[in-house]
Amino acid sequence: MRRLGADNTEKGAVSVIVAILLVTLLGFVAIAVDVGAIYSERAQLQSGADASAIALAQKCARDTANADCSTTSTLAGSLANQNSLDGMSNVYSIQLDKTARTVSVTTSAKETGSPDNSVSLFFAKAIGIPSKEVGAKASATWGNPSKGPVILPLAIAYCKLNIPAGGTQGAEQVLEQSVNGCGGIPGGFGWMQTASAKCSITATAGASSNSGIWFASDTGASVPSTCSAADFSQMNNQTVLLPMYDLATGTGSSGKYYIKGFAAFHVTGYQFASIGWTAGPKVANKTIRGYFVKFVSLAQGFELGNTPNYGATIARLTL
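Residue numbers for the sequence shown follow the working numbering, beginning at 25 and rising by one.
Since the hints were made in silico from the structure, they are not lab data. Among these hints, one or two may not hold up.
Stated by the list, open to error - Derived DSS-like pairs (lysine-lysine); straight-line CA-CA distance at most 25 Å:
(1) Lys-122 x Lys-318
(2) Lys-306 x Lys-284
(3) Lys-184 x Lys-284
(4) Lys-284 x Lys-122
(5) Lys-171 x Lys-306
(6) Lys-184 x Lys-306
(7) Lys-161 x Lys-122
(8) Lys-122 x Lys-280
(9) Lys-306 x Lys-222
(10) Lys-171 x Lys-122
(11) Lys-171 x Lys-184
(12) Lys-161 x Lys-318
(13) Lys-222 x Lys-284
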């Protein structure tokens, strides 16, 4: 009888170890493939939920009677599908509270041949797990801006707001700094003092009992020294949120504005000494031309509060 040598025994043992390691490695590969598919699907669903939630918040901000400001919105399903690589997804639920001004959209997976809200697994089905439920949720809110950064320390008189009832845009007008048509200082608009070397300012609106809503006026009629042509250029043919004042007291260094709320103003021209720009006819010195619009901003720097709606609203994701 032939006796096995030590080398043959060791070779057999190594073969067994290699086989075990290969099986283990294949198991990890299988897990990685299936887990990767799950995470990819969840990322797509999250994008769809985010897009749907913010879109519905924008619709509600413009008009709560809009058909897409509802729990049966077709826009949500369309956006969810557009954010899916295979163009297929489910809007599992839409939760809407118009009083609280919040909306939540939950999306879930959709795949031909798989159970509802699930994705099929390639390797895990070999051990009895053919599919996995996958979903995502996003929430958004909308409301009136009560505090936030404005690109210029500029306040506009409330009496200049001219958006007609039921309309989305007011007639184009020229705001004159020197014309006092609102019983305030200095007239159609005015400059506010800045507390830093920057041109921008954080404006706050609210009730007279709150601090921070009275803003000191700039004592001069000229553009504040902290503002440059580059600062102004941010308004060129853009819709910007600007504070509105409805009360003004004092003159010169003791003057101040009471900021009531924010409005959206589309700028079509301005002229201040050496700083000017126009999208049409030339404008006179110390004037701003443009028109008020109903506008939903996605700006993240604004706080929401119980302030008047002058046509400017904020919509943003909260989850």
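Regarding the pair Lys-122 and Lys-318, is the alpha-carbon distance no greater than 25 Å? 19 Å, holds
Starting from Lys-161, check that the Cα of Lys-318 is at most 25 Å away, please. 29 Å, violated
Satisfaction of hint between Lys-222 and Lys-306, Cα-Cα up to 25 Å: 28 Å, violated
Keeping to a limit of 25 Å between CA atoms, is the pair of Lys-171 and Lys-306 held or broken? Measuring from Cα to Cα gives roughly 33 Å; hence the hint is violated.
Hey, Lys-284 versus Lys-122, does the alpha-carbon distance stay inside 25 Å? Holds, at about 24 Å.
If you draw a straight line from the CA of Lys-161 to the CA of Lys-122, is it 25 Å or shorter? 19 Å, holds
Are the Cα positions of Lys-122 and Lys-280 separated by 25 Å at most? 36 Å, violated
Just to be careful, I want the Cα atoms of Lys-306 and Lys-284 compared with a cutoff of 25 Å; is the pair within it? 31 Å, violated
Are the Cα positions of Lys-222 and Lys-284 separated by 25 Å at most? Answer holds: Lys-222 to Lys-284 is near 23 Å, not above 25 Å.
Has the given pair, Lys-184 with Lys-284, been kept, meaning a C-alpha gap of at most 25 Å? Within the cut-off at roughly 13 Å; holds.
Regarding the pair Lys-171 and Lys-122, is the alpha-carbon distance no greater than 25 Å? 22 Å, holds
Would the pair Lys-171 and Lys-184 pass a check requiring their Cα atoms to be no farther apart than 25 Å? OK: Lys-171 and Lys-184 at ~21 Å, within 25 Å.
In this structure, the earlier hints numbered 2, 5, 8, 9, 12 are contradicted, and the remaining ones agree with it.
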